[in-house]
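The listed protein sequences derive, respectively, from chains S and Y. Start counting the first sequence at 863; every next residue gets the next number (my numbering). Start counting the second sequence at 863; every next residue gets the next number (my numbering).
Among the hints, a few may not be true.
Any copy will do: because identical chains look the same in the list, a pair fits if it lies in one copy or spans two.
Below, computed lysine-lysine pairings styled on DSS-like, alpha-carbon distance capped at 25 Å [as the list claims (entries may be wrong)]: (1) Lys1602 / Lys932; (2) Lys1602 / Lys1685; (3) Lys1264 / Lys1734; (4) Lys1020 / Lys1062; (5) Lys1271 / Lys1357; (6) Lys1095 / Lys1191; (7) Lys1238 / Lys882.
Worth flagging that the hints you see were computed from the coordinates, not collected in a lab. Model, not experiment: these values are computed from the prediction.
There are 2 protein chains.
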Amino acid sequence: MSVPANTIYHFDQSTEKTTKWVYAFEEGNAGMRDLLGGKGANLAEMTNIGLPVPPGFTITTAACLAYLAKGEVAPANMMDQTIKAMADLGKKMGRTFGNNADPLLVSVRSGSKFSMPGMMDTILNLGLNDEAVLALAAKSDPRFAWDAYRRFVQMFGKVVMDVEGHHFEHIITQIRESEGVASDPEVSAEGWQKAVKEFKALIKKETGTDFPLDPWKQLELAIEAVFRSWNGKRAVDYRNHTNIAHDLGTAVNVVAMVFGNMGWDSGSGVAFTRNPSTGENVLYGEFLFNAQGEDVVSGSRTPIPIAKLQDEQPEIYRQFHDIAQTLEKHYRDMQDVEFTVEQNRLWMLQCRNGKRTAAAEVKIAVDQVTEGLISKDEAVARIEPAQIDQLLHPRFDDDAKKAAKLLAKGLNASPGAAVGTVTFDADTAEQLGKVEGKAVILVRPETTPDDVHGMLAAKGILTQHGGATSHAAVVARQLGLPCVAGCEDIRIDLKARQFSVNGVVVKEGDVVSLDGARGEVFLGAVKTIAPSFDDQPDLKTILGWADSVRRLQVWANADDPDQARRARSYGAQGIGLCRTEHMFLGDRTEKFQEAILAETEEEFNRVLDEVLLPLQRNDFYGIFKEMDGLPVIIRLLDPPLHEFLPSRESLIEEVATLKAKDGDSKLLAEKEALLHVVNLEHEFNPMLGLRGCRLGIMRPALNRMQVRAIFEAACDAAREGVDVHPEVMIPLTSHINELKEIQPLLLETARAVMEEKGVTIKYKFGTMIEIPRAALTAAEIASMAEFFSFGTNDLTQMTYGISRDDAERKFLLNYVERGILPKNPFQTIDQTGVGRLMEFAVSEGRAARGDLEVGICGEHGGDPASVEFCHKIGLNYVSCSPYRVPIARLAAAQAVIRERKAKK
Amino acid sequence: MSVPANTIYHFDQSTEKTTKWVYAFEEGNAGMRDLLGGKGANLAEMTNIGLPVPPGFTITTAACLAYLAKGEVAPANMMDQTIKAMADLGKKMGRTFGNNADPLLVSVRSGSKFSMPGMMDTILNLGLNDEAVLALAAKSDPRFAWDAYRRFVQMFGKVVMDVEGHHFEHIITQIRESEGVASDPEVSAEGWQKAVKEFKALIKKETGTDFPLDPWKQLELAIEAVFRSWNGKRAVDYRNHTNIAHDLGTAVNVVAMVFGNMGWDSGSGVAFTRNPSTGENVLYGEFLFNAQGEDVVSGSRTPIPIAKLQDEQPEIYRQFHDIAQTLEKHYRDMQDVEFTVEQNRLWMLQCRNGKRTAAAEVKIAVDQVTEGLISKDEAVARIEPAQIDQLLHPRFDDDAKKAAKLLAKGLNASPGAAVGTVTFDADTAEQLGKVEGKAVILVRPETTPDDVHGMLAAKGILTQHGGATSHAAVVARQLGLPCVAGCEDIRIDLKARQFSVNGVVVKEGDVVSLDGARGEVFLGAVKTIAPSFDDQPDLKTILGWADSVRRLQVWANADDPDQARRARSYGAQGIGLCRTEHMFLGDRTEKFQEAILAETEEEFNRVLDEVLLPLQRNDFYGIFKEMDGLPVIIRLLDPPLHEFLPSRESLIEEVATLKAKDGDSKLLAEKEALLHVVNLEHEFNPMLGLRGCRLGIMRPALNRMQVRAIFEAACDAAREGVDVHPEVMIPLTSHINELKEIQPLLLETARAVMEEKGVTIKYKFGTMIEIPRAALTAAEIASMAEFFSFGTNDLTQMTYGISRDDAERKFLLNYVERGILPKNPFQTIDQTGVGRLMEFAVSEGRAARGDLEVGICGEHGGDPASVEFCHKIGLNYVSCSPYRVPIARLAAAQAVIRERKAKK
């Protein structure tokens, strides 16, 4: 997967020579994320509020874009400005870059506008060479110096010179074996010296080029490699998944090195100012003595929890604790920080708003309002609506868990319930999960950025090693994927493609269940149940604040009383779509088939009236009771009749087989007769076929039966004191005359039922707007329809000429990946095309009927960007699946908050 | 078929009492067709220019609408005004209606705005009863009087009292037999007296009601029956077919009776002022002595040609000839007249613009310009464009005709070549022709208005009896159906469902061919060939005049050099659509399948480049040569790949059969492999699937090959001096990014070919606008596309959400018949919906690119109403099938003429 061909990098040649490409930390601030990247901007901010940040500077994202636009050539003057900045840096440090007698070492790190953890490249200890290492050894100790040098050569070889990492690992393994030690910290100075020598030989062999000894050359090459890493496979995959634009570029941060591995009075830590998994207001993180930052996150050695630092290094802990407080107050949000202690001196290396689970997001926001740190609006605005989806995902049924076989316990790294078949590498996970659409659990010793494409395609992650801030844990939390990390009980055998735990062997393809919130791994599929709001008081609080802000109502799509009850409990203010076709499925299919196959119109009507009418009446009655006081939009039968008949392909096959075998002639005749009916009903393009109101017009008895069932149920409920508000929705209208044809018949039925029952209820008749022509002739349609409901799925299909049944598989996802379409229009409303039709229909429809009720009932109703659009064009409500109601409530409130901001 | 449920009859209750419902002929004129109907308006006009018209008056269409709107109740005062008008009429005639001693008899005839010959009801001799008949007998002779009375009772019984006609015929047959005579004129006075008695008994028996003897009661009932006949089955069918609105209503004309059957100095005639079949400027028609008008058209007795009247009644002929001249000059058009001679006195009973064949229409228009009667614009404006389609329909190949078996010769009643299977009744013809889509020839002894639904569904009409103005001939000419009438050689056996001629028996289901221009009937299917303009100098003249008026260009859809040549000969100014998919059919399918089934991309490309490229280059080369100097738009491959693979259903069947039979395992494996590919390519909604530019984007090699073939051919032709103007059309664009993705690749190929060939040619790249979203984002699309071509077929499918492959069969035709849709939107552009998108796209597209070339290439390009719409919204051209080019040329000119008129 490479970056889309139509990506254009902004670069203004006319100002190339006069542009400032390099900013010292003192020159930047947190508001300059676009130009300096998140990391650079925050390093500048921390520097300027007086926190201990090593001296450094940032080469801008604009420089990166210029580099890419020019075909991987740095813009004029960029290196000159860098040389100048290095001189300033040297002054602050009292050393000179390139002076091998007293070397100044720097790190070179990527940093884009949006955090992409681990997606791009970093090089540490840059500035070392065969001479400088000796000076460093003299100043510190030889083991440290040679270890630093070998790390630098290793990273440089991999990142800048494209030598595959496993070659280096292989050399290290040999050295460890020859020295008879088990871990890297035990390797001697001589061992690392040998490693450097062999690394350089490896680089020469693999690339035909010598490892560069000139620090300036090293710096230039490293900067360019970081620029290029913007378009590496991992980074592009990640951006595609997280909808980050491909034309932003990355900044490069050059920072004076501080060493957490300069002995046991040194170390590195990674921490959050609050617990990113639960939101609890305590410092959360890990610290590893005598280590550099990547040792903490790599999971190769096990760090201590940050709280323990209080015992071991109380002064450092106090300093760090104070800094954390300062940062939270300054940024008004929970921070994720990296720091290093070099010989008892604390340095802040990074801070950013911390990634967190949805539960933590919600708790932190509510707590911070309570603490007076932020306003309610800020709390509402902060929460990514899609994220709270996690909170409403099914969790395991407690009884089912008790009954299931618990295999192992690990770290509860990212909450949620995941069930899937086990696989052991990212490529297979991607193939099974993304291409074949299967539920898979990716099981790895530990994950690295190279595994991200597999993680994206998995339902859950299980790792044997690594802690709460390990790569697997961080990425899983961010993706909302359940993750059990550091599950040391399991033994993974990658070759045999299986893991074993307490004598149980789980092979690739076996099913396991992960409870990410508890760190539990079960054998087999554990039953899940729907979540409840009652367990989530903070979410309730936030949504209450959201409700007081939003204008747009949120309704739900619900097809039975259970769904209606759930929708209401999630805050739905009505039912925007009750699909009656689901009521003809299951054990009713047979009865409905009986009607379809009826040979006379009388028989058809008899089955409808005697068999299906009572069932439908009962369906509706239950829904009306649940929705007491709220509107319920019931859509008349929408799909084509052949959806209720057996598959044509299997019938053809059966008939051919029976014929060829001279089988049971009675059965053959039956099957042939059925095939005949199925052939008659068959359509080449059923999406554009005989369904919706067309079916109602051709066979009015069907709709009449449904309207009778609706009004009988409504009258019955009303007599029991239920406040019913039925709204009858006619689907697939394309021409006003269709409504003129069918609506009077149905109104007549409604009136007749109310007369029979002696009850008068309020009701509406309206239509779906799901065919472009209906939107284009909205004024005409509104003359009959009392409400519009945009069926944005179909409207998108027809406006775009895309069949959802086929196109996603055939080309649409490919289009989105290649950037030909900015987004999948079935997930987020295409505002330019489909949205234009919607706006048109709203304005013409309302012009024709002032009190026209307009909503949307496609799947877009639960998509935050689409909800905002619906708010903007003035819809009355969005209707979405019950689980998405909270998301929509939040998104609708955020739309108002954004609108207010834009007006200021 | 009843009138559509949503028909609304205009009726203003507030003015009911003050409305003038009745107009004497002296009060009307030809401009009052809406109110008085065509017949009433023309009777008034003739009265006022001094022609001999019997006194009478018209009850308005408004009265009919009021009657229908009120639920079949006449409006207030209508009968009062009628009574007053009858009194005035009586004064002019010197008799009093209802005076049985000297009865005043009238005819009561329908007459709507548009002529619907024979579709509604007429009653003659109204005013007779048991007393009055005696007075009439005393004044004339008993046989005449009783004949008149029985005719009245018979018509009244059938039309007003709904007694089936065959009952009356049965009584007459018995009387003829009892008197031992063969024909009605030979029946005696006593015979007719007996008939009256038995008719009255029959009416009583069938209806339980007495035949009304009160003339006023007769009049009232007759008027209402005529009103009701507006919604009779025949009338509704006819209006549906001819697109006459159902809410117009009919007027009723009450006219003093004159009798053509008052002896051998009387008679009735039907005539055209010019020959309606050829257009020749001679009186054309028939006269029957001692007969009423319906005897002439019924075909039961054979009339004399009108020219013979000159010999037999020179004075009457002279009078009539003068009147014909006066009428033509007055109306400035050929007239169809009915007249009666009562005892040597000539009365004009009707005149109207005469129906005529397309050939006659064209000749008459050209002649009348030559004669100075009308202007060229009037000539162009007068011709119904759809009619000239007839002139361009295939005719029989002369050699094939010579080789074919000539069965019989009859009257050349309506020209054209028809081939079909024989059937003998209208219902079967309708079932086979309309429902099953087969070509049928309806063979009848003679036709009546009850046969019209079958005639509408037939390809041609053959009758045994009847002349050039017989029902079959008149209706066939109007419908543009080939008709051989009065083919007395054939003997029809309706029971055996066959006819025989000279020993040959033709059974139902056998195929015959009719040459309507020559009155020939052939056994079997005779080969047809395309017509040539050279045979039609008058058409060429008219179209030349049209060309000098129109602004809109007319291009053609042509897929090969032959079609291109024909299109050009018909006046096409370019090729608006060259479909390349047709070039992959026939014996090339196998080669293309080879490419589709290729297992590697290399193999796919190899087949494209080595096999298909040379073939395509050759296709295009021939077209460019034919279109020297004119633009040629070539559309890149549009359909989905599965269209080129075997049918999925048959493969499923074959595989199942092979499996069941344990058949050839190698063949089974082959078929299974093929089925696998077909399944992969299968789509649920191919219309919305992977085709058009989507295919090009997923497999760019296909389009690149095609563009290479286009430019190689164009360069080769250009080098030979041909003036080439290739325009490459990208199909199915929905998003500008699709063009951004594919167009640069194709431009690159074009440039490369021109460089290789060392030739530079002018060319354009553009796109189809056939997806609603493309129209909605026309401004964006025009940033890349140099031309738009509306694919109105697909645009209609998607805008309306209708699949043409299914919907016409499933509901669309039913919708049109029921009036739910005013027209089939695949025939005539839906201006309200689809048209709105088109207007939008034109205006936004042109705003973005001033010189954007915009045309239409759907089938609508040959539909006159759609051509007018395209003119109105400012398209550059319409493109249609070669045969329709002349129609479009004419329609484009008429659009200008109408526009000018509207501006005046």
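Intra- versus inter-copy proximity for Lys1062 and Lys1020 (alpha-carbon distance at most 25 Å): within (12 Å within a copy, 112 Å between copies)
Alpha-carbon proximity between Lys1264 and Lys1734, which holds within one copy, between copies, both or neither at 25 Å: Close neither inside one copy (48 Å) nor across copies (75 Å); limit 25 Å.
Status of Lys932 relative to Lys1602 across identical chains (alpha carbons, at most 25 Å): between (62 Å within a copy, 20 Å between copies)
Lys1271 and Lys1357: within-copy, between-copy, both or neither at 25 Å Cα: This pair counts as within: shortest intra-copy Cα distance 24 Å, inter-copy 90 Å.
Up to 25 Å CA-CA - Lys1191 versus Lys1095, copy category: neither (37 Å within a copy, 85 Å between copies)
Intra/inter-copy verdict for Lys1238 and Lys882 if alpha-carbon distance must be at most 25 Å: Neither: 40 Å inside a chain and 75 Å across chains, both beyond 25 Å.
Homomeric proximity label, Lys1602 with Lys1685: Cα distance no greater than 25 Å: Between copies only: 16 Å across, 38 Å inside.
When the structure is compared with the earlier hints, violations turn up for hints 3, 6 and 7 and for no others.
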